[in-house]
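Chemist: Quick mapping for you: the protein sequence lines, in order, are chains P, D, S and B.
Quick note: this note's numbering has the first sequence finishing at residue 372, numbered continuously throughout.
Quick note: this note's numbering has the second sequence finishing at residue 372, numbered continuously throughout.
Quick note: this note's numbering has the third sequence finishing at residue 372, numbered continuously throughout.
Quick note: this note's numbering has the fourth sequence finishing at residue 372, numbered continuously throughout.
Be a bit skeptical, because a hint or two may be false.
Copies of the same chain look alike in the list, so a pair counts if it fits in one copy or across any two.
Heads up, simulated EDC-like pairs for lysine to aspartate or glutamate below, C-alpha to C-alpha not over 16 Å straight-line [what the hints assert, rightly or not]:
no., residue 1, residue 2
1, K129, D306
2, K188, D246
3, K299, E311
4, K86, D309
5, K134, E350
6, K299, E59
7, K134, E308
8, K299, D164
9, K298, E255
10, K181, E138
11, K299, E251
12, K132, D187
13, K129, D184
14, K298, E311
15, K129, D259
16, K298, E350
17, K129, D309
18, K134, E360
19, K181, D246
20, K299, E260
21, K52, D246
22, K52, D309
23, K129, D217
24, K298, E251
What the hints contain is simulated information worked out from the structure, not anything from laboratory work.
4 protein chains.
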Amino acid sequence: MESLMEAVLAALSVVVHPESHSRRKTCKETLIEGRPGQSRITTPRKETDTCKILSGTYEGMTTGTPIHVLVPNTDQRGGDYTEMAKAYRPSHADLTYDLKYGVRSVQGGGRSSARETIGRVAAGAVAKKILKLKCGVEILAFVSKVHQVVLPEDAVDYEALTLDQIESNICRCPDPEYAQKMIDAIDKVRINGNSIGGVVTCIARNVPRGLGSPVFDKLEALLAKAMLSLPASKGFEIGSGFAGTDLTGSEHNDEFYMDEAGNVRTRTNRSGGVQGGISNGETIYFKVAFKPTATIGKKQNTVTRDHEDIELLTRGRHDPCVVPRAVPMVETMAALVLMDQLMAHVAQCEMFPLNLALQEPIGSTNSTPALA
Amino acid sequence: MESLMEAVLAALSVVVHPESHSRRKTCKETLIEGRPGQSRITTPRKETDTCKILSGTYEGMTTGTPIHVLVPNTDQRGGDYTEMAKAYRPSHADLTYDLKYGVRSVQGGGRSSARETIGRVAAGAVAKKILKLKCGVEILAFVSKVHQVVLPEDAVDYEALTLDQIESNICRCPDPEYAQKMIDAIDKVRINGNSIGGVVTCIARNVPRGLGSPVFDKLEALLAKAMLSLPASKGFEIGSGFAGTDLTGSEHNDEFYMDEAGNVRTRTNRSGGVQGGISNGETIYFKVAFKPTATIGKKQNTVTRDHEDIELLTRGRHDPCVVPRAVPMVETMAALVLMDQLMAHVAQCEMFPLNLALQEPIGSTNSTPALA
Amino acid sequence: MESLMEAVLAALSVVVHPESHSRRKTCKETLIEGRPGQSRITTPRKETDTCKILSGTYEGMTTGTPIHVLVPNTDQRGGDYTEMAKAYRPSHADLTYDLKYGVRSVQGGGRSSARETIGRVAAGAVAKKILKLKCGVEILAFVSKVHQVVLPEDAVDYEALTLDQIESNICRCPDPEYAQKMIDAIDKVRINGNSIGGVVTCIARNVPRGLGSPVFDKLEALLAKAMLSLPASKGFEIGSGFAGTDLTGSEHNDEFYMDEAGNVRTRTNRSGGVQGGISNGETIYFKVAFKPTATIGKKQNTVTRDHEDIELLTRGRHDPCVVPRAVPMVETMAALVLMDQLMAHVAQCEMFPLNLALQEPIGSTNSTPALA
Amino acid sequence: MESLMEAVLAALSVVVHPESHSRRKTCKETLIEGRPGQSRITTPRKETDTCKILSGTYEGMTTGTPIHVLVPNTDQRGGDYTEMAKAYRPSHADLTYDLKYGVRSVQGGGRSSARETIGRVAAGAVAKKILKLKCGVEILAFVSKVHQVVLPEDAVDYEALTLDQIESNICRCPDPEYAQKMIDAIDKVRINGNSIGGVVTCIARNVPRGLGSPVFDKLEALLAKAMLSLPASKGFEIGSGFAGTDLTGSEHNDEFYMDEAGNVRTRTNRSGGVQGGISNGETIYFKVAFKPTATIGKKQNTVTRDHEDIELLTRGRHDPCVVPRAVPMVETMAALVLMDQLMAHVAQCEMFPLNLALQEPIGSTNSTPALA
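For reference, chain P alone in the conformation it holds in the complex (with noise of 0.2 Å):
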């Protein structure tokens, strides 16, 4: 059986690997994320450095202490910062690192990179493993617009999507036509020294029902959380999210019924799998906004950390569109998420089910319908 260590490594092969239309690679191939090269719609650095365990793992297992992941950084170049260290760049971090901490690490952003990411891909490489394993749960992104191209709500069936459709192109689309109008508009941008955004739609199939909370910690606040709180996301919606305030309440109510299985399940799920702050065993699905990326190959105006007003070229590579890139992202902070809910629904109402009836345990055949 595959271990968890390997389990890490190879979701970091994940990011670092998208042309390589398997997510599946061995462990021996993994390299860092934010890794160049990876494709002609991202960066041309040059990034390959080899991630190593430090700690965390005994022959082959996890010991239950924290796993220690050190991915060296090697194609960090001083020299290209120079500029950066003076001007601030428009829509990046650098002005206001400066105004809470008065310091900023130049060189490769510090933590406003992207590349801090890879610490939270690893974890999810564990998180989503073990949701599989106990409880069968498939976490999906997938791009599903790039600029002004949008794929139709219907071009994705969320019940039979795989993962070998996203990853059969470089756009992580699961539909080749509408793949390659995208690419062909990362593209058109990357040429001129440009970018652009998009949405990344994510799928979480046989989540367990219960997860989430109340007040506070519902399961929708806790994933917005997640996504918003990566670099470059600016929205986030679940199930019919902002479209959904275009419904009447009789259109818009997810109707309850029993299915074959003995289920209540809903009818329509506009609800996005979560009602009350709580999964209720519908495919959980949702959308996240992630702007045109803010470093471009033109002249712009900005201040210096001076304070005087300068024109800014920043030279070198840039992203032309980052949102392939966040797909493996959104699976992560999602994988992440629900796993935290699972070990706090253990804790808290698997110790004394009160109507068993109604609670289903985490694991049983029940509780994942949509795998029949």
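The hints should help you fit chains D, S and B onto chain P, whose structure is shown.
Modeler: Frame of chain P, contents of chains D, S and B only:
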């Protein structure tokens, strides 16, 4: 000087008296949130109870002790809820609470009732007051969409908007013409037992620069969690949000310039006042989507607690549109997030400022550019 | 079956009726903690109020909602406190609260009154009940020292001790002879307006193996924090404690052996049931030191709030010795710590046990060796 | 000015070079904690690795990013641990880790090794520095008991004690005569393969008034947790501690008076600098008991992982007495607790002081009475 204690009471009156055209009633008039007959567009419940401060204040001052505000619900009628005890109301928390706990409080919905937000509003009142006194922060929310009536983006000047404009009508939309259209839309569904949702926009002016954190606790992440923890909310977007994905980087970036007061400012504000998870001193603005109220006066298919398919017709009162009532809740949650981050910032960054040319002490003149 | 709700009420009666020689009164008899005249060795205050459960239960069952227990303090007399408002009582929290907050609640001491522990006891009652039902955990505390009267170590058999033995006298010392000596010591200081302190010993039998964490949240660390959070406590020691430093390693080590039931046990228990921060299945035992009550009926030098030196003679009631009343508080805090750790353990370690030969599921027969 | 970064490195050298008679080595000399041959009274391991700062600093300044200090353990020899992998060492964490996790890291003990404290010491160095610069706080710990050698209470003047006195000998006892007795005691057990424990006393001078919280997070509770989280610790007492129970209230109370600088002070300090959970400006002092090291060079009865009774003779290095090495750990944990509470205090109480006659701003002259 008005005490913090009075602020709590005064704030409670906000939620209670939306029809009063003023949120600044004396503390004698405070009544409970969710109170009935507050206007014809909301529920006809009679909840006439007053709130009591049971601990935490002494001679009109808070003492540092937790403030205990008790708001008894005297209009709770067990009889009204007989049907609910049996049948799961579509798109309510009934089912999910049973799945999680195996038991639920049927009367009044327990924690799944929006009534629970009154406790938040009480705390938010204190937070708002401190934010205002310390840094001049002004938090204002308003209804920007009801069903398919959309307030145009340019109808509201975020820098000039006043509380009076918002409270000038029972819909809490600052534009009288659109307010009327929204009220008409609500009246229409109210009459036929249906419901509608909408969008609340919130702005926060004069937020000190430097609030928030670089990674997991980005300011926008905390706001997103806070908003999605509100009952019936389905979406959150900050700054340009989902619409920002239609732009290119060169269109979207907020260029910096030096203003006359010597502050670094941005020409545009698509970032929504937050860059890299940290406030930049520009006005923070975001939107929250609220679904149509789940309780409607129409027959719906559902199942009982005993797993029988049945038809349900919920009798009695219901809210045709919660969006106007959500306005103070959105303000409250924004205030609580900003207050927490203000405290964290003071603790983390004000004891040893490293670079006073860049870091403005909280409460100094420079940190509130928009006030000038 | 007795409901959890009743457990709360029953527990409240513990603290209230120490003279009743039984902690298992019906819930009808529950009164408030800190109640007066509970015996001649405690304070002569009249606090006759009953507690009310305001939320969190439904038809005798907890609903998952926070349980709100209100215990009004009707014996609060402002007049009694005039002096305190001016003068800082030596070794009280009066000065430090003023230093921290600039204001304090003079009547009844606010949060510095031991009355605040009633809320803990209510929660602890629920925790104790769950621990008992789930794993057979028994938590018993008793007075082992009052002033210079020291109960000999071998006077109590930790494995055989019963609640009845402890509650057989108003001093809550299970040995009648030493109990009488302690009561005599308290009577002596009571008469001359002085006070004394002492030590409470607490044992927890049948604690599941594996509770606690390896580093910061060691089980003994959590217990130490819980105990030092009790009013008037000044010290904590687990297992051999301070006296263990008189031994060599070969004298102190607890050798392992296999018992007849096939469990790994220790011949001695100087570890106090915890090794490396994690419970090992042996009886947990620890001691807590409580200083002599600060309020005494003797003239003392002190200063006023206005920084004048004065003499203070505190009139009115005071406790000559809080130690007997601290017994249920110590049990309560132990129960809360163990309950928290039980929940954490179930969440962290029971979903995917790696080695069932070593890890005993919570609630299984083997995990409660001492019960046999 | 010495940077915070250097402080980290300098602090690491403290733990490493106890024989050097100075804790203020340059950062070039920093080596790892738990390093061998530090003196004849500790373990003969050879751990010569240096620590590296991998992130969190930029041009000698901290950047606000977490500081990553890596200390590789190059002296780890799998072969040494073969026996441990099979047999549970008495009074070690071997058994309990297996009970909890079903797996453990045998080499070097994993997290159950005292080596983990090096991470704490690194963080504590930063905390100590900030406390010193901001408020003049001085934290000093020393050995006050080794086995049955007890340093008399009056041998150390808490107000005059210096670091040099403590570091004047390898036992870290400020009294040369008693230090020699302690060293003799350690030498004696070292020769015959046995071990002994002892007590560390810690003082904190010039702690600002007002740190701590009234209920669960009392300052003494946080200190107790911090100390009991250290490996091998079994007890904690603050101020008069367990011995204080021998006194009456009139003997124990600390009377207040006005000092010449206009500060409220106490004549005695049995409270140990904390009243009602909050610091009062007097010197904080507390004691921590450490049991004799569990690893000894003598044959002991135990059981194997496969549940066989066997005799174990642990070969190789071991520490005859950890108490001198615990001294910087105790200081470290005290610094971390005080730093946390300082930050909390600034956030909670310094934004809106209610009564400036009572509340002294952190860092003001008056708040450090003992410095005069």
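Chemist: For the identical chains here, do K298 and E255 meet the 16 Å Cα criterion within one copy, between copies, both, or neither?
Modeler: between (52 Å within a copy, 12 Å between copies)
Chemist: Within a copy, between copies, both or neither: where do K132 and D187 come within 16 Å Cα-Cα?
Modeler: neither (36 Å within a copy, 48 Å between copies)
Chemist: State whether the alpha carbon distance between K134 and E308 is at most 16 Å within one copy, between copies, both, or neither.
Modeler: Answer is neither: 57 Å inside a copy and 30 Å across each miss the 16 Å cutoff.
Chemist: Go through the copies and call it for K298 and E251: within, between, both or neither, with a Cα cutoff of 16 Å.
Modeler: So K298 and E251 pass the 16 Å test across copies only (11 Å; inside, 47 Å).
Chemist: When no copy is named, should K298 and E311 be tagged within, between, both, or neither for a Cα gap of at most 16 Å?
Modeler: Classified as within; 10 Å inside a copy, 62 Å across copies.
Chemist: My question is about K181 and D246: at a cut-off of 16 Å on alpha-carbon distance, are they close within one copy, between copies, both, or neither?
Modeler: For K181 and D246, the Cα distance is within 16 Å only across copies (15 Å; inside one copy 29 Å).
Chemist: Treating 16 Å as the Cα threshold, decide for K299 and E251: within, between, both or neither.
Modeler: between (49 Å within a copy, 12 Å between copies)
Chemist: Is the C-alpha distance from K188 to D246 at most 16 Å within one copy, between copies, in both cases, or in neither?
Modeler: between (34 Å within a copy, 15 Å between copies)
Chemist: Between the shortest in-copy and the shortest cross-copy C-alpha distance, which are at most 16 Å for K129 and D259: within, between, both, or neither?
Modeler: neither (29 Å within a copy, 38 Å between copies)
Chemist: Treating 16 Å as the Cα threshold, decide for K129 and D217: within, between, both or neither.
Modeler: neither (24 Å within a copy, 25 Å between copies)
Chemist: Given identical chains, is K52 near D246, meaning Cα to Cα at most 16 Å, within a copy, between copies, both, or neither?
Modeler: neither (50 Å within a copy, 40 Å between copies)
Chemist: Within, between, both or neither: how does the pair K129, D306 come out at a Cα-Cα threshold of 16 Å?
Modeler: neither (49 Å within a copy, 30 Å between copies)
The structure shown violates the earlier hints numbered 1, 6, 7, 8, 10, 12, 13, 15, 16, 17, 20, 21, 22, 23.
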